[in-house]
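There are 2 protein chains.
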Amino acid sequence: MSSDQRWQRLDKRLVVDRSPFARAYDLDFRLPDGRVITNWLQVDLPPFAITFPLTTNGDVIFVRQYRQVVDDYLLELSAGHLEADESPQAAAARELLEECGAVATDWRSLGRYVMDANRGCGWAHVFLAREAQIVAPSNSGDIGEISVHLLPLPEVKRRWQAGEFVSAPTALAIGLALAALGV
Amino acid sequence: MSSDQRWQRLDKRLVVDRSPFARAYDLDFRLPDGRVITNWLQVDLPPFAITFPLTTNGDVIFVRQYRQVVDDYLLELSAGHLEADESPQAAAARELLEECGAVATDWRSLGRYVMDANRGCGWAHVFLAREAQIVAPSNSGDIGEISVHLLPLPEVKRRWQAGEFVSAPTALAIGLALAALGV
Numbered sequence: 001m002s003s004d005q006r007w008q009r010l011d012k013r014l015v016v017d018r019s020p021f022a023r024a025y026d027l028d029f030r031l032p033d034g035r036v037i038t039n040w041l042q043v044d045l046p047p048f049a050i051t052f053p054l055t056t057n058g059d060v061i062f063v064r065q066y067r068q069v070v071d072d073y074l075l076e077l078s079a080g081h082l083e084a085d086e087s088p089q090a091a092a093a094r095e096l097l098e099e100c101g102a103v104a105t106d107w108r109s110l111g112r113y114v115m116d117a118n119r120g121c122g123w124a125h126v127f128l129a130r131e132a133q134i135v136a137p138s139n140s141g142d143i144g145e146i147s148v149h150l151l152p153l154p155e156v157k158r159r160w161q162a163g164e165f166v167s168a169p170t171a172l173a174i175g176l177a178l179a180a181l182g183v
Numbered sequence: 001m002s003s004d005q006r007w008q009r010l011d012k013r014l015v016v017d018r019s020p021f022a023r024a025y026d027l028d029f030r031l032p033d034g035r036v037i038t039n040w041l042q043v044d045l046p047p048f049a050i051t052f053p054l055t056t057n058g059d060v061i062f063v064r065q066y067r068q069v070v071d072d073y074l075l076e077l078s079a080g081h082l083e084a085d086e087s088p089q090a091a092a093a094r095e096l097l098e099e100c101g102a103v104a105t106d107w108r109s110l111g112r113y114v115m116d117a118n119r120g121c122g123w124a125h126v127f128l129a130r131e132a133q134i135v136a137p138s139n140s141g142d143i144g145e146i147s148v149h150l151l152p153l154p155e156v157k158r159r160w161q162a163g164e165f166v167s168a169p170t171a172l173a174i175g176l177a178l179a180a181l182g183v
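Chains B and U are the protein sequences, given in the same order. Heads up: the first sequence at position 121 corresponds to 121 in my numbering, and the numbers run straight through without jumps. Heads up: the second sequence at position 180 corresponds to 180 in my numbering, and the numbers run straight through without jumps.
Excised from the complex, chain B in its bound form (with noise of 0.2 angstroms):
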């Protein structure tokens, strides 16, 4: 058997439907050696973008919220779903404004990643903004309150290093954008 023969899909059944926030699919494979698998579930989340966003002062800018997912209060970088025929990076500087009252001039994409390579649960889109500065109050209009936090570029590698961020999307941009600028 070659290494590179795909798996035929026979079947794709919704599920779940909570658009435009969450989709859930039930799909039927037939693998290369002929078996078939069915209800393997996929989570169709919508594409987001986060980013690290580095003050000309040498801070990083983070938001702190409530996630229900731990029950408790997280510091993350900005981020938020892609709307409607909105590219990866206007979709990173409308969230980066209406987050954290922010902009910034030089922007650089750091890939692109799939959440769960089973499953779905949706792309982060990363980017580095450099030359940030906060110009405005945080106007998220997010469920739920949301506060601004900066912090020193070694204190956000100490943190990170030492497992402090644990929403992956923020820890995954945070390494990428440490390396992208050499620290």
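These aren't lab readings, by the way, just hints derived from the structure by calculation. A virtual CB, placed ideally from N, CA and C, is assigned to each residue, including glycine. One or more of the hints may lead you astray.
Residues of chain U clear of chain B, computed beta-carbon distances all greater than 10 angstroms [what the hints assert, rightly or not]:
#, residue
1, 83
2, 88
3, 94
4, 103
5, 152
Covered stretches of chain B (in silico footprint by chain U; criterion: 3 or more residues with CB under 8 angstroms from a CB of chain U, positions within the stretch not fixed) [stated by the list, open to error]:
#, region
6, 42-51
7, 55-69
8, 92-103
9, 115-127
10, 166-174
Fit chain U to the supplied structure of chain B, relying on the hints for placement.
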């Protein structure tokens, strides 16, 4: 309002059960400001361990396998679900042996991370395993073929920075491991 008020969970309803691999629930909450939100989809996926295995020769061990989410083969780090009563490190070592035929003597935890702070989607336990050695053929028992690939550490860093590792847990673990290794 205090910045540290929790949401109050009012109800939780199972909407999809693909145990032991996936379950989805609708949750209802009362927010601190009194608003009620309903049908907040939470996706429970099993916790998993993922390992960055560095061999005594300075290579990193990867697995290559078909992933239906991208309908393609991906190069990823060894990873798998924790079995019942299994510690994260024990799961990491078991998967490394099953998927890569490799063992390692020097293990270090690089933290645990929730894949989606809104909806869950599982927790990743990340490990760095040094002094790794391939001692047996791959025998994962997973669905589909799996092949083992060695990449020199500098090439791993180059590819990671170029965004070539699109599986988020793999990219997260590479970043944390490279920093832990001081590379």
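(Q) Tell me the hint numbers this structure goes against, listed in increasing order. (A) Structure breaks hint 8 only.
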